[in-house]
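Below are the chains, spelled out letter by letter.
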Amino acid sequence: GQSLEQPSEVTAVEGAIVQINCTYQTSGFYGLSWYQQHDGGAPTFLSYNALDGLEETGRFSSFLSRSDSYGYLLLQELQMKDSASYFCAPDGQNFVFGPGTRLSVLP
Amino acid sequence: DAGVTQSPTHLIKTRGQQVTLRCSPISGHKSVSWYQQVLGQGPQFIFQYYEKEERGRGNFPDRFSARQFPNYSSELNVNALLLGDSALYLCASSLAGDSNQPQHFGDGTRLSIL
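Protein sequences appear in the order of chains A and B.
Read in the numbering used here, the first sequence has 92 at position 92, and its numbers run on one by one without any break.
Read in the numbering used here, the second sequence has 32 at position 32, and its numbers run on one by one without any break.
So that you can see chain B by itself, here it is in the shape it has in the complex:
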């Protein structure tokens, strides 16, 4: 079975632009979470979606938004990009929305803002 897949793997944008990152969870997994990871730090929680509804939101500005589709795939949108948004964006899926479920991570999208 395929693991969590994310696209694109790398992306270069300029300040002020908008970006959409995509994630396909493991088959059968209904929960998707998004994280931002800056080099040398732990993943920072952005959103969790379960059954197409937002279950949790981290401490990120409203420029960050996400959604989950009926097939449980998900998109993360970031508007008005800032230099500080440069990071690795990780998607993780789990069977259910409970936070005690092991999360399975994709390889991430590396976003660079120029």
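Okay, chain A solo, but in the shape it has when bound:
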């Protein structure tokens, strides 16, 4: 079967660093994607990890460990506009999204 776990909520202050974890169990795994969704908006693609290790894209980085079925999204220099829900999505037989982590950035 398939399972995905993310923390439901994370709170941090502006300028801080936050890590959003994702553990997954899925068949036919190829990689892990991350999406951001602001309230009332559509999900937008952030990153994709096909290989183990860290991928950096500006303030956002994403990490994957295939052997641990684990990944995380790292957000640095947090800004108010980063307040949103973040979803991990393992790339497997079908398109599956995690339950989402709601990030609140406080001033």
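To be clear, the hints were calculated from the coordinates, so they are not data collected in a lab.
Computed from a prediction, not measured in an experiment: that's the story for all the values here.
Positions of the beta carbon are idealized from the N, C-alpha and C atoms, including for glycine.
It is possible that part of the hints are untrue.
[Stated by the list, open to error] Cross-link-like lysine to any residue pairs, in silico, SDA-like; alpha carbons within 25 Å at most:
| no. | chain 1 | residue 1 | chain 2 | residue 2 |
| --- | --- | --- | --- | --- |
| 1 | A | 81 | B | 88 |
| 2 | B | 30 | A | 81 |
| 3 | B | 52 | A | 30 |
| 4 | B | 13 | A | 41 |
[As the list claims (entries may be wrong)] A few chain B residues facing chain A, derived, Cβ under 7 Å:
| no. | residue |
| --- | --- |
| 5 | 29 |
| 6 | 33 |
| 7 | 69 |
On the provided structure of chain A, position chain B as indicated by the hints.
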């Protein structure tokens, strides 16, 4: 270039009715996927179409059906609507049918069942 467009943006139906939602992918994208998103949850995969053929189906009843047209646009049909079908329906397009392709989402159709 236009992004993924969905119509209508909002829709109100009653139980037992049928609904058709429409999606136009980004120009050049051949894959379209449909998702249902209930408030506070992640998108739930319904269908993927690539080159007019069904590539994947999520855990939804047969009341849900879809198709893709030669111009790669797509329709999602839901029959015999239930109260539980109230949700945001998202369409996403990608260049190819591979699931490692970034998906580009439309703004969705908010469906309310009374």
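Results of checking the hints against the structure:
1. 81/A to 88/B: holds (23 Å)
2. 30/B to 81/A: Distance of about 32 Å is beyond 25 Å: violated.
3. 52/B to 30/A: Answer holds: residue 52/B to residue 30/A is near 24 Å, not above 25 Å.
4. 13/B to 41/A: holds (22 Å)
5. 29: violated (13 Å)
6. 33: holds (6 Å)
7. 69: Constraint on residue 69/B not satisfied, violated at 21 Å.
Hints 2, 5 and 7 from the earlier list are contradicted by this structure; the remaining hints agree with it.
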